[in-house]
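Next come the chains, spelled out residue by residue.
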Amino acid sequence: MTPALLRLKVARILLDAFLILAAFLLAYFLRVGFIFSTNFPFQSYAIIALFTTPLTLIFMFFARAYKINQPVLSLRYFQRIAFVAIEHVATFMVLYYFTFKIFFSRLMLIYLYALTTAFLYLGALIFRKILQSMNQRGIGVIRILIIGTNRPAQELVRLLIETKSCLRPVAILDVFGGADKEFHGVPVVGKLDKFEQTVQDFHIDQILQADHLEQSLNLINYALQHNLNYLMPPELLGVFQGHQIIEEWEGAPFLKIHSKKKWWQKIW
Amino acid sequence: MYCIILAGGFATRLWPLTENKAKPLLTLVDRPLISHIVQSIPPEIPIVVSTNAVFRNAFSEWRKGFPNHPIEIFIEDSFSNESKKGALGATAMVIERKQLKEDLLLFAGDNYFGFSMPAFFQSFSKNPLLAAYDIKDVNKAKRFGVVVTRDGRVTEFQEKPAQPKSTLVSTGCYLFPAKNLQDIIIYSCEKNDDLGGVFEYLLRKGETINAFSFSDPWYDIGSFDAYLTAHCELLHGENKVAPQAIVQRSDLKGGVSIADGAHVERCTLENVMILSGSIVENCVIRNSIIDKHCHLKNLDISHKMIRQGSAIEKNL
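Respectively, the protein sequence lines represent chains A and B.
Residue 1 is where the first sequence starts when you use the working numbering, and the numbers rise one by one after that.
Residue 1 is where the second sequence starts when you use the working numbering, and the numbers rise one by one after that.
What follows is a set of in silico ranges between Cβ atoms, one per label pair, in the way DEER data are often shown:
#: 1; chain 1: A; residue 1: K256; chain 2: B; residue 2: N139; range: 39 to 47 Å
#: 2; chain 1: B; residue 1: N57; chain 2: A; residue 2: L224; range: 27 to 35 Å
#: 3; chain 1: A; residue 1: Q200; chain 2: B; residue 2: K314; range: 23 to 31 Å
#: 4; chain 1: A; residue 1: L224; chain 2: B; residue 2: K205; range: 55 to 63 Å
#: 5; chain 1: B; residue 1: N57; chain 2: A; residue 2: P152; range: 34 to 42 Å
#: 6; chain 1: A; residue 1: L30; chain 2: B; residue 2: E313; range: 57 to 65 Å
#: 7; chain 1: B; residue 1: R266; chain 2: A; residue 2: K256; range: 27 to 35 Å
#: 8; chain 1: A; residue 1: E235; chain 2: B; residue 2: E313; range: 25 to 33 Å
#: 9; chain 1: B; residue 1: R56; chain 2: A; residue 2: R137; range: 37 to 45 Å
#: 10; chain 1: B; residue 1: E313; chain 2: A; residue 2: Q200; range: 21 to 29 Å
#: 11; chain 1: B; residue 1: K314; chain 2: A; residue 2: E196; range: 19 to 27 Å
Because the hints were derived from the structure by calculation, they are not lab data.
In this text, a Cβ means the ideal position worked out from N, Cα and C, and glycines have one as well.
Kindly produce the complete structure, drawing on both the sequences and the hints.
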């Protein structure tokens, strides 16, 4: 991780801390009115809120909310934030009760949950925008080498470029030596004999293999030996349809392909 | 007579085996491919190996294995696949720079020829001569330059034709009389990478071209499959373990060669080439080539070229 990206992530965490405290504050005032109530002392409330906030940030880490490759505009990401908010409210409730041995407004907990969920998701959206603008300046960018110039490779390049993804294709290696010199502005720098040179010249962070499956062993081995990540779209393995996950059975990993299921079927 | 062996290609299709090595220096059975060619040439014929600057040191090192053979390494001034001279361009360059005035024996350095060289020389009668292999399959012939002959004379030359008129294909072995060297230079200005094209050019000029037909083994090592096939067929299903290699509790079948310094233990290997310094433990490997200094453990792999220095272990 580059220092610039690290600073950006720290800023995001501080923003989340601010938003969580803002949700606490707003929930309090929405419930008791815009006064400092004597029935429900603000000072006690604020102390527990301050203790709860870092724990919630830790929940955010475990939910992988700070990984920059997460698709923020997705139901799955929203679900993660919503689960973090549940943990957040539960932690606050338990800490408050254990500290002061009194119960308090249930409606305020509902406000707190809704506001925390909304604010944290809003924070993620703001950060996504900031990251996208930073990406244009090369900050937070994961530099990708694409192996292959076939249609899936071209489609991946187009997708990553058009969505201004932090995964940025910077070079392409052709497998069979076609005539094309670039795709969507990304140069085709040669064939696989230029592999090692390209990784060095373009400061590659990840290798994305979209073609030439028989070379996967060599590319993965190279990536691991040089502390690079390796990505492979499932269709390179012939997985063109269905949904796939990596599932473990008895500790052994499998790529599981299944037909599309209703949401309630997935939890059984 | 002078001999040129063309070895300037970058062999991108055989990556990673050719990552740091020219294709003619790839091991076939027990020695580099180019060594098979050189050993078939009478020692009184001077040899020029034309290669690119990237492989200069590797060929200089290889040449030390032939102290009694006059071999010169000629360096084309190219450093990448894009700037290479092309087969014909490289030949023309050597002819011009060396000011050759003798008959020229020309080989593609990535071919293996099993025919008798004296028989080839006997077929030479001051006309251009090409070695033609009967591939016996029209579909396979489509990938090569096809030669149509009558009474040992070439009547037509088809470069990778859609509908071959013959199953005789031109190999990478030619003999040009001194009178035709200028034709090579002239035609190379037109197409610098079209060796076969020079014969079409000569036919158009009305020159007589002779063909030396043979059915002995011939391999054009242009792809991984071709390389594996050559390896398997030249071993005739037998195994070749170098004296300094260690093989313990392993089952070798279908043509396995293991080079000096390799260590194979508890493995099943079938049509596999293991190069020097590699350690292979508890693996089942088929139709694969393991380059130098690899360490493989607990793997089941098939149809792979493993990059030099790879260390791959599956945790059991």
